[in-house]
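Enquirer: What follows is the residue order along each chain.
2 protein chains.
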Amino acid sequence: MSITLQSKKKNDLDSAFRRKTVYLFVAGVGAVGGTLVRQIAKLNNPEVHIQILGLCNSKQVIWNPNQEDPFSDLIISNDVTDWDQIIDQLTSSDRESIIFVDATGSKAVAYQYAKLLSHGVHVATPSKRANTLDQIYFDELASFPRSGRAEYKYETAVGAGLPIINTVKNLVESGDEVTKISGVVSGTMTYIFDQLQQGVPFSKIITNAKELGYSEPDPRDDLSGEDVARKFLILARTCGYKLEREHINVESLVPQELIDHQIEGFFDHISFYDTHWKSRNSKALVNNRRLRYVGEFTPEGIDIGIKEVATESPLGNLKGTDNLIQIYTKRYSSSPIVIQGPGAGKDVTAAGVLSDILEIGKKC
Amino acid sequence: MSITLQSKKKNDLDSAFRRKTVYLFVAGVGAVGGTLVRQIAKLNNPEVHIQILGLCNSKQVIWNPNQEDPFSDLIISNDVTDWDQIIDQLTSSDRESIIFVDATGSKAVAYQYAKLLSHGVHVATPSKRANTLDQIYFDELASFPRSGRAEYKYETAVGAGLPIINTVKNLVESGDEVTKISGVVSGTMTYIFDQLQQGVPFSKIITNAKELGYSEPDPRDDLSGEDVARKFLILARTCGYKLEREHINVESLVPQELIDHQIEGFFDHISFYDTHWKSRNSKALVNNRRLRYVGEFTPEGIDIGIKEVATESPLGNLKGTDNLIQIYTKRYSSSPIVIQGPGAGKDVTAAGVLSDILEIGKKC
Numbered sequence: 001m002s003i004t005l006q007s008k009k010k011n012d013l014d015s016a017f018r019r020k021t022v023y024l025f026v027a028g029v030g031a032v033g034g035t036l037v038r039q040i041a042k043l044n045n046p047e048v049h050i051q052i053l054g055l056c057n058s059k060q061v062i063w064n065p066n067q068e069d070p071f072s073d074l075i076i077s078n079d080v081t082d083w084d085q086i087i088d089q090l091t092s093s094d095r096e097s098i099i100f101v102d103a104t105g106s107k108a109v110a111y112q113y114a115k116l117l118s119h120g121v122h123v124a125t126p127s128k129r130a131n132t133l134d135q136i137y138f139d140e141l142a143s144f145p146r147s148g149r150a151e152y153k154y155e156t157a158v159g160a161g162l163p164i165i166n167t168v169k170n171l172v173e174s175g176d177e178v179t180k181i182s183g184v185v186s187g188t189m190t191y192i193f194d195q196l197q198q199g200v201p202f203s204k205i206i207t208n209a210k211e212l213g214y215s216e217p218d219p220r221d222d223l224s225g226e227d228v229a230r231k232f233l234i235l236a237r238t239c240g241y242k243l244e245r246e247h248i249n250v251e252s253l254v255p256q257e258l259i260d261h262q263i264e265g266f267f268d269h270i271s272f273y274d275t276h277w278k279s280r281n282s283k284a285l286v287n288n289r290r291l292r293y294v295g296e297f298t299p300e301g302i303d304i305g306i307k308e309v310a311t312e313s314p315l316g317n318l319k320g321t322d323n324l325i326q327i328y329t330k331r332y333s334s335s336p337i338v339i340q341g342p343g344a345g346k347d348v349t350a351a352g353v354l355s356d357i358l359e360i361g362k363k364c
Numbered sequence: 001m002s003i004t005l006q007s008k009k010k011n012d013l014d015s016a017f018r019r020k021t022v023y024l025f026v027a028g029v030g031a032v033g034g035t036l037v038r039q040i041a042k043l044n045n046p047e048v049h050i051q052i053l054g055l056c057n058s059k060q061v062i063w064n065p066n067q068e069d070p071f072s073d074l075i076i077s078n079d080v081t082d083w084d085q086i087i088d089q090l091t092s093s094d095r096e097s098i099i100f101v102d103a104t105g106s107k108a109v110a111y112q113y114a115k116l117l118s119h120g121v122h123v124a125t126p127s128k129r130a131n132t133l134d135q136i137y138f139d140e141l142a143s144f145p146r147s148g149r150a151e152y153k154y155e156t157a158v159g160a161g162l163p164i165i166n167t168v169k170n171l172v173e174s175g176d177e178v179t180k181i182s183g184v185v186s187g188t189m190t191y192i193f194d195q196l197q198q199g200v201p202f203s204k205i206i207t208n209a210k211e212l213g214y215s216e217p218d219p220r221d222d223l224s225g226e227d228v229a230r231k232f233l234i235l236a237r238t239c240g241y242k243l244e245r246e247h248i249n250v251e252s253l254v255p256q257e258l259i260d261h262q263i264e265g266f267f268d269h270i271s272f273y274d275t276h277w278k279s280r281n282s283k284a285l286v287n288n289r290r291l292r293y294v295g296e297f298t299p300e301g302i303d304i305g306i307k308e309v310a311t312e313s314p315l316g317n318l319k320g321t322d323n324l325i326q327i328y329t330k331r332y333s334s335s336p337i338v339i340q341g342p343g344a345g346k347d348v349t350a351a352g353v354l355s356d357i358l359e360i361g362k363k364c
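Chains as they are written, first to last, in our numbering: chain A, 1 to 364; chain B, 1 to 364.
Any given hint could be a false lead.
As the list claims (entries may be wrong) - Facing chain B, a subset of chain A residues (Cβ under 8 Å, in silico):
#1 LEU43
#2 ASN45
#3 PRO46
#4 GLU47
#5 LEU162
#6 ASN166
#7 GLU173
#8 ASP176
#9 ASP322
#10 TYR332
#11 PRO336
#12 PRO342
#13 VAL348
#14 LEU358
To be clear, the hints were calculated from the coordinates, so they are not data collected in a lab. Every value quoted in this text rests on a predicted model; they were computed, and no experiment measured them. No residue lacks a Cβ here, since even glycine has one placed at the ideal position from N, Cα and C.
Isolated chain A (complex conformation) (with noise of 0.2 Å):
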């Protein structure tokens, strides 16, 4: 590194007008990925140039788009992504800066981050993925970063935009050690809950919730509690504990019955529910309390499900599809960090994703 740094002593007037460039590859141009790039199109940062190297989706792969409009080059296609190809041109490829930034969600495509990052490839990522494989999958990816081969950013994975992760690494890196992070970590849960409260019948709430693109396709997947239990699993590691996502106890919201059924026949039976949900919820009112759907990590364990809080705490005033996280480190042990927030959207997550990237850049 000396170097450069050197040459930034002696060459002042030069330096000051140099602008770095980063080549991205944007991995999934769906709602995240294609945002991204939207942001970037119209973005003039003075101290990083970012320049599309490439950018695909499940079916293609474009190379060296139009900086203007770099979809304009992909088309309707029956083919289907090669991955191996696109990480062997990144690998081998004798540019430097090279961030692949990963919004596709995919596994397969998780299981390459070692190889990019191993051949000096940054990766920045919001999927939770590749951090809840296994434990020593993680502590791999973890490496390259610290040994500085190469740049590894998931801020946008846990809270979206929300500066959650990179708060939690500067309390471990600065020395202190995370006691307990607790809170609401899934928008559409707290959505369902502040529904429920008003009286919204659940199977009703449900189905807006897959109408408004507030759930997945297949509400089970929010439902199951997995969506939290793989964010809670992520800040956890990050912390620098090691556990497997089988360590995790999760309170599922779908009805053991309805876990197999075809998406068509679940939705034909949630409303069998609605009663049970209703007098849970009135239960709680009575008490003036509010049902929640909480994580809390602890060096202890991790344990996630649903909780009774007080109606005038921050928890219990949490609106919309806000999340709420708290950190009580050894330093912050009698008043925790609280951040809060939307965390989830197209919008917040693309620029957290940006983010990532122009802190990578100014590294390079």
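Start from chain A and add chain B according to the hints.
Expert: Relative to the frame of chain A, chain B by itself:
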């Protein structure tokens, strides 16, 4: 920059074991500076090694101190620290990756930042001084990191260790636009109004605050609202807005008649105002509201003063010496990013400066 990244790719084995070293000069080794030095002595960060190049208080400077016990060479002295000599030594050094930490709060030291930065010496500070001088000086300091010449970090100037400044910077850099920042950024003020609400007389609160170390030795420095005004000036400038201190409306809690008193005279007379504050607090409580000292920045300007907030709002629920900041932007328009927690204290402030140092180190 190209050479470095290239060598990263070519020498994976080598770089895997290379920890970056930064050289620190700590100006001011009181509460925050002293705590920082102690935190560094205990730190074992895998990416960045921090070596203390020198430290000083207002009386003397120690170069190359004992790394395990850096204070051991500090003696009682009647000398006066020669800042020009220190700055000259740092700017003429052949060493790279020097970071100057200013924990003095001194205006004279704040005016040295530009010289340090222009010579490639990075600056990290919890002090509000430099950023609240003329806008033109703020712009000059901000230009150095933008042009890649040297880093300038001041995360802890607002909210201590809470991730406020970095969050604002990331939002702006990723193309978002801040439309409003509001909240409480003075732990002292939270304490005063929380105590008032509990029935403690105003004069007693002020005496307690001083004794507990929650206020400055002369409590008028907090009561004037100057601390809050400066923090909001820094927030607004960090958002990219240009304004001077005199453009800010500030409601002072110091009675006009007591402004020019000696400190003893101030404490002798402050109880004359107990009735006024008792009645003002009662009036708010009757309306189910609470008094809070709130700042608000919008592109139209900054307004600082006492506000009546709903008892059951986030600001109404604020306790202890917590801060709470709400950030509204184009992308976070309906629901803001909220960051809450302890906004003062030597441990969390020093840890925040340490995070700034590590972030600089990783870029070196």
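Enquirer: Against each hint, give a clear statement of whether it holds in the structure.
Expert: Results for each hint:
Proximity of LEU43/A to chain B holds as hinted, the smallest CB-CB distance being about 5 Å (cut-off 8 Å). Interface restraint check for ASN45/A: the shortest CB-CB distance to chain B comes to about 6 Å, inside 8 Å, so the restraint holds. Against a cut-off of 8 Å between C-beta atoms, the interface hint on PRO46/A holds, since the closest Cβ of chain B lies about 5 Å away. Interface hint status for GLU47/A: upheld, as the beta-carbon distance to the closest one in chain B is roughly 6 Å, under 8 Å.
Restraint check, LEU162/A versus chain B: the minimum CB separation of about 6 Å is within 8 Å; hint holds. Given the 8 Å rule on beta carbons, the hint for ASN166/A holds: about 7 Å separates it from the nearest Cβ of chain B. The interface hint given for GLU173/A holds, since its Cβ lies 6 Å from the closest Cβ of chain B, which is under the 8 Å cut-off. Taking 8 Å as the C-beta cut-off, the interface hint given for ASP176/A holds, the closest approach to chain B being about 6 Å.
Hint status for ASP322/A relative to chain B: holds, with the closest Cβ pair at about 6 Å, below 8 Å. Interface restraint check for TYR332/A: the shortest CB-CB distance to chain B comes to about 6 Å, inside 8 Å, so the restraint holds. Hint status for PRO336/A relative to chain B: holds, with the closest Cβ pair at about 6 Å, below 8 Å. The restraint placing PRO342/A at the interface with chain B holds, with a minimum CB-CB distance near 5 Å, inside the 8 Å limit.
A hinted interface residue such as VAL348/A counts as satisfied when its beta carbon comes closer than 8 Å to some beta carbon of chain B; here the least separation is about 5 Å, so the hint holds. Because the closest C-beta pair between LEU358/A and chain B is about 6 Å apart, less than 8 Å, the hint holds.
Violated hints for the displayed structure: none, as all numbered hints are satisfied.
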